[in-house]
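**Student:** Given chain A's structure and the hints, the job is docking chain L onto it.
Protein chains: 2
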Amino acid sequence: MTRIQELSLAERAALSPAEARALFRAGQVLPTAGFSAGYAQANLLIVTKELAFDVLLFAQRNPKSCPILGVLEPGQVASELLAGGDIRTDVPQYFVYENGVKVAEPTDLNDYWRDDLVTFIIGCSFTFESALIENGISVAHIDQGVNVPMYKTTVRSASAGVMSGPMVVSMRPIPAHQVADAVRITSRYPAVHGAPVHIGNPGELGIADLGAPDFGDPVQIPEGYIPVFWACGVTPQAAVMESKPLLAIGHAPGHMLITDARDSQYQVP
Amino acid sequence: MTRIQELSLAERAALSPAEARALFRAGQVLPTAGFSAGYAQANLLIVTKELAFDVLLFAQRNPKSCPILGVLEPGQVASELLAGGDIRTDVPQYFVYENGVKVAEPTDLNDYWRDDLVTFIIGCSFTFESALIENGISVAHIDQGVNVPMYKTTVRSASAGVMSGPMVVSMRPIPAHQVADAVRITSRYPAVHGAPVHIGNPGELGIADLGAPDFGDPVQIPEGYIPVFWACGVTPQAAVMESKPLLAIGHAPGHMLITDARDSQYQVP
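Chains A and L, in that order, are what the protein sequence lines are.
Taken in order, the first sequence gives residues 0 to 268; the numbers are from numbering that gives the first Met the number 0.
Taken in order, the second sequence gives residues 0 to 268; the numbers are from numbering that gives the first Met the number 0.
Isolated chain A, as found in the complex:
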């Protein structure tokens, strides 16, 4: 089998979603930024039916951080978003939380699956990275071969039932003369976080050190580049950590579900 780490950036971009999912299903682990160019990537949150209303309401009240692409019925593992696939195996790596504490980082959910689990598929900003690149805006974490840096902020999400927590953001450094373009381009993708929530001045978000992200990897920020922050689909996992439900499962941040939906499907004029 192809060793995923040995693929060039171009080879990763050229994989079909089904090919990429097959490699992850076989147990290989890597952040998915740059994979399957042109296809939407997605965050995951899986909770029991009991908690599902609160999670869906949390998403409805926080559309920038939790844009819902699909919801699977209790126990359902297949979806047209991952044709022929299985939500329990097709993500590179999962985080399992019990009472808000991460207890495992498995590469599949075979030991954890229950028939009352409801899967939320949530938009991911990786989706608009192809559009940034096509427009001549380079994406630092892809170029540097690392995971995107993500930060918990001091901005609170709107709470819903038992779900409350901080907004999590992803950060991409952008040259000052391209920041407006980055806003314009990403605002056309409201279903995958859309326009930035904050530009420059990380201190206002309560981020003390860009070099120490809460999730993912730090990236080098070249002189003159502005840190630009987008709402991040790890936000519901941060709420899980605070709200401490008996069981919740997310993706490992940056290790997304690669869907069969085209990026362009989520683009508005």
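Because the hints were derived from the structure by calculation, they are not lab data.
Please read these numbers as outputs of a predicted model, since none were measured by experiment.
A few of these clues could be false.
Which copy? The list can't say, so a pair holds if one copy fits it or any two copies do.
[To be verified] The list that follows gives simulated cross-link-like pairs (lysine-lysine, DSS-like), each with its CA atoms no further than 27 Å apart:
#1 Lys48 to Lys63
#2 Lys243 to Lys48
#3 Lys63 to Lys243
**Tutor:** This is chain L only, laid out in the frame that chain A set:
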């Protein structure tokens, strides 16, 4: 107290949302089209906590017919959408369903309220009628002083859990030369049903007789006018009728919650 039926169209339009809600709270009943110009009106669906996830998922999967403006937590009766008001009294008339069958049409919910009831406030196409009128497109049911005609169609909503049913549409006859304008104007209001779902040819929607709407009143269609159909927030009530939950409560069609939100708040560029 002002008798609501005696108010002129101009007087109805000039009422503040709080004034209009106070009249309805006092037990007066009238369709709300044309009231409180410039303020958003809303559909209602109230279900038990048990059914709430299925309803919210139904709304998420049918965004054109069920655009969510707000969701109240179980037992909650106040909302910033109706400042100082009470969801149990401020709608002119309610429909109460038991096992999918309408059993009462009360003007308040004092006899029906329970602490496990979850209220969904759903966008309503009355919201964009001010914009149509401002742009020189007259709205037949306002001019004719009747309720908007609404029809069950043969188009199925996407189902969610136990919730399934037909899409319901509202109809406004528009002069042929203004249909494109009506599309353009209403498409700017995606949170309140947005662009029409169908233009002309009611037979394709399974509507045999425009003169016999399933809800509301028939309107006269002048020669040369085209029937234009918008997705309607009565759609979840039609799903309740099919899905037969033990208890569900809606507004009487056309008798909406008048909110404090400005129409313009739901307008996109």
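**Student:** Next, verify each hint and record whether it holds.
**Tutor:** Each hint tested on the structure:
1. In this homomeric assembly, Lys48 and Lys63 come within 27 Å of each other (Cα to Cα) both inside a single copy, at 24 Å, and across copies, at 26 Å.
2. Proximity of Lys243 to Lys48 under the C-alpha cut-off of 27 Å is found in both arrangements, the shortest distances being 15 Å within a copy and 21 Å between copies.
3. When the C-alpha separation of Lys63 and Lys243 is checked against a cutoff of 27 Å, the pair qualifies only within one copy, where the shortest distance is 23 Å, while the shortest distance between copies is 34 Å.
The structure fails none of the hints (numbered hints given earlier).
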